[in-house]
Amino acid sequence: MAFTNTNRPTRRLPLDPSLIVVALLLAAVVAVGFALSDRFGTTRNFMNVLEQAAALGFASLGQALVVIVGGIDLSIGAVVTASTVFMAGVVDLHPALMIPMIFGTLLFGAAIGFLNGFAIIKTGVHPLIVTLGTASILNGTVLIYTLQPTGGVPFWFEEFAYGRLGVIPISGLVMLLCFAVVWFLLRYSKTGRAFYAVGGSPEAARLNGIQSNRIILMAYSAGGFFAALSGTYFVSRTGVGDPRIGDPMTLASITPVILGGLVLGGGKGNILGVLLGVFLISLISNLLNYMNVSTFIQWVIQGLIIIFAVSIYVQKCKKL
Amino acid sequence: MIRLDGITKVFPGVKSLENVNFEAKAGEIHAILGENGAGKSTLIKTIAGAYIPEEGTIHFAGQERKWATPKEAKDAGIQIIYQELMLFPELTAAENIFIGKMPRTRFGTIDYKTMYRRANETLDSLGHRLDPRAPVRDLSIADQQMVEIAKALIGETKLLVLDEPTAAISGREAELLFECVKLLRDQGVCIIYISHRLEEIFSIADRVTVLKDGQNVGTHDIHELDRDKLVAMMVGREVNNIFPPKKTPNADVAPVLTVRDLRAPPKVKDVSFDLYAGEILGLAGLVGAGRSEVAHAIFGSMPRTDGTVTLGGEAFNAPTPRDSIDRGLGFLTEDRKGEGLMILLDMAANVTAPVLSEFTTTTGLDRNYEVQAAEDEIKRFRIAVPGPKSGVYQLSGGNQQKILFGRWARACRRVLILDEPTRGIDVGAKVEIYEIIRKLADEGAGVLVISSELPEIVGLCTRVLVMREGSVTGEVVSTEISEETIMHYATAASADAAQGAAR
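Residue numbers (this note's numbering), protein chains in the order written: chain Y, 1 to 320; chain U, 1 to 503.
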């Protein structure tokens with residue numbers, strides 16, 4: 001029970017148990033896919049999935065950063081919507097602004113996230129409520145501006161969503177790159193360590209001289225930034241700003257975060273789990289599409305998988 | 001009243017109780033002592049029917065009993081009061097006392113009149129006055145404890161188990177509790193009393209049983225024992241001196257920390273003192289006197305409205321925790337799990353948390369260096385942890401505390417403020433912590449020790465400040481340091497203060 005031998009060799013789990021669970025689920029889906037459909041197990045299809053996963057990937061990455069510092073962002077979907085309308089609207093009027101507007105849109109998202117974080121720190125109101133309020137404000141504003149898909153972007157901009165480097169989709173590549181950079185920063189930077197510290201033990205973090213408020217602002221800004229990147233991807237895909245396109249994204253962004261084993265409440269979890277979660281969700285809907293299963297049944301299946309996966313984590317945690 | 005014979009309880013891989021014989025009589029206060037992990041809680045839970053032993057028999061009130069559920073034990077008259085009180089804060093005291101068995105009128109509704117009357121009677125029988133109509137959340141911890149005891153007395157209680165009842169109270173409140181427990185004993189209730197504090201065992205217990213590593217080391221009348229014998233039984237070896245030798249610091253040099261007229265409302269009203277390098281200065285006082293708040297106000301984790309502070313000769317008046325750490329002032333907080341440890345991070349990350357910059361190169365965190373630093377602290381303070389990369393949550397309180405000592409001793413070498421450095425730690429680890437504190441002072445740090453355990457203050461410090469209601473009311477030096485003088489300053493001045501307020 002008590003450790004008495006201080007010279008015991010360092011033991012380390014080879015991998016997070018939650019990573020293993022989601023990886024196994026992923027393998028199971030791929031295996032079922034190979035068995036049930038000829039078209040599923042092709043490079044071409046996997047590359048399509050990678051391309052389509054980007055929107056969810058960006059949104060979930062942003063959500064994950066907020067969740068790690070102990071928060072949650074329910075305005076992700078609204079930021080996605082607002083950034084599509086903002087980008088397509090401005091570029092439609094001034095096509096020359098296309099490239100600056102990519103940065104402008106990302107900055108816009110980050111600014112909304114920053115305001116979320118600022119309001120949470122200043123008021124002490126729960127992030128759930130603050131970000132819900134932000135979502136309502138953004139959605140309302142967008143719908144006052146337009147009820148229909150609107151605006152437009154130069155045709156070449158669809159390269160971001162559909163373009164390929166060899167066989168690899170650019171959007172998927174950008175997503176993988178974002179995950180890699182965030183993974184590295186979380187694991188090997190002072191700021192990354194601070195993210196986990198603030199999420200897991202806010203009071204202890206403060207008393208260890210960590211500037212918690214700065215970390216929280218950074219997390220929400222990143223959440224907004226990646227939501228806007230998701231919006232940018234949608235503009236590239238559809239060519240317009242759509243006042244409803246982000247609606248399902250808020251809840252969708254939370255699913256891979258949970259599947260990836262991040263603890264709601266903060267302080268624990270590996271961002272790679274979230275990436276696997278994104279792949280899992282994308283592959284499942286891809287497979288079910290091939291099998292002509294309706295979207296509504298897909299939702300039911302997704303719900304079952306979440307509950308199943310998380311119940312396994314809970315069992316594991318009890319054993320530890 | 002209760003007799004356990006040859007009780008053995010095995011958890012997967014661990015024998016928690018091994019062939020334990022134990023007996024407690026009606027009308028006695030029987031203390032159970034032992035270090036963390038010695039098997040105290042397993043023993044209680046076996047008595048309470050929460051665990052079913054693999055071997056052995058339980059005799060209760062003259063009959064052999066086999067509890068299948070805790071409810072059976074409860075119905076037979078065994079009541080347990082756990083360390084964490086289990087009360088409903090929004091309900092009144094009386095409602096809590098009668099929870100689950102409220103008296104009914106003939107219409108089946110709750111008979112509040114009878115309930116409040118009987119609650120009053122029960123509280124009176126404990127010699128304690130409080131309003132049974134008051135919501136529990138408005139009561140002090142001591143009053144809440146009385147409610148818990150009153151709750152246990154509804155119905156026929158033959159055996160009452162108190163698990164560390166004084167963990168959250170001190171001074172006058174604890175005395176009230178002792179009086180009440182003695183009253184119950186004189187009414188013929190068998191009381192099993194569990195505590196870490198040796199002093200109170202001597203003032204309250206009739207007999208003592210010591211557990212060590214799941215075995216009964218011995219049961220003795222309290223008269224047969226003294227402090228040293230008891231400690232030796234608990235630790236399993238002779239501990240000649242719990243406290244390291246005192247050393248008077250060199251007061252000719254300038255103090256490393258000076259505090260003048262510190263105010264941080266509402267808890268800190270007027271605090272001034274000097275702290276010298278190499279000194280172990282005590283800060284004593286009752287719970288709620290504002291001691292921890294002084295520490296927070298100096299460290300910069302709580303705003304202050306007034307006062308001048310110098311650290312190492314330089315003015316230090318608008319601190320943040322970051323500034324304090326950078327200037328070599330560390331603060332080991334009272335609430336180990338909430339404010340000290342980062343329970344989700346590994347041991348190494350816990351050690352380096354306040355000075356992470358030292359471990360950061362242009363390419364990011366130098367994990368190898370960090371692990372190396374943690375290894376050093378493991379060796380230096382003999383921390384029993386599987387390794388730098390293992391978690392900290394499951395470790396014993398003593399080892400968690402040693403990790404925090406590793407953290408702060410490494411980060412801050414000028415001044416260390418230690419708030420309740422041995423709270424909830426067993427005796428063996430306490431001795432080690434005292435040695436560590438001595439060593440840190442010898443290495444040149446000024447150490448301010450805040451503690452509610454007077455023997456600790458008396459045994460460790462060469463100078464003691466006493467606080468009462470936010471102000472320093474006395475300073476006790478060298479040979480004058482005793483529990484009596486400290487208590488005098490911590491409480492006696494209240495008469496003067498009351499007069500002052502009246503004028």
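By construction, these hints were calculated from the structure, which means they are not laboratory data. Keep in mind that this is a model prediction, so the values were computed, not measured. One thing to keep in mind: the hints can contain errors.
DSSO-like mimics (lysine-lysine), calculated; alpha carbons at most 30 Å apart, straight line [stated by the list, open to error]:
#1 212(U) to 229(U)
#2 212(U) to 379(U)
#3 190(Y) to 379(U)
#4 122(Y) to 379(U)
#5 389(U) to 268(Y)
#6 190(Y) to 229(U)
#7 182(U) to 101(U)
Over the 12 Å line for every Cβ pair with chain Y, so calculated as not near, a few chain U residues [said to hold, decoys possible]:
#8 84
#9 258
#10 361
#11 438
Cβ atoms here follow ideal geometry from the backbone N, Cα and C, with glycine treated the same way.
To see whether the hints hold, each was checked on the structure:
no. : hint             : result
1   : 212(U) to 229(U) : 14 Å, holds
2   : 212(U) to 379(U) : 26 Å, holds
3   : 190(Y) to 379(U) : 25 Å, holds
4   : 122(Y) to 379(U) : 43 Å, violated
5   : 389(U) to 268(Y) : 15 Å, holds
6   : 190(Y) to 229(U) : 50 Å, violated
7   : 182(U) to 101(U) : 27 Å, holds
8   : 84               : 20 Å, holds
9   : 258              : 22 Å, holds
10  : 361              : 10 Å, violated
11  : 438              : 21 Å, holds
The structure fails hints 4, 6 and 10 (numbered hints given earlier, in ascending order).
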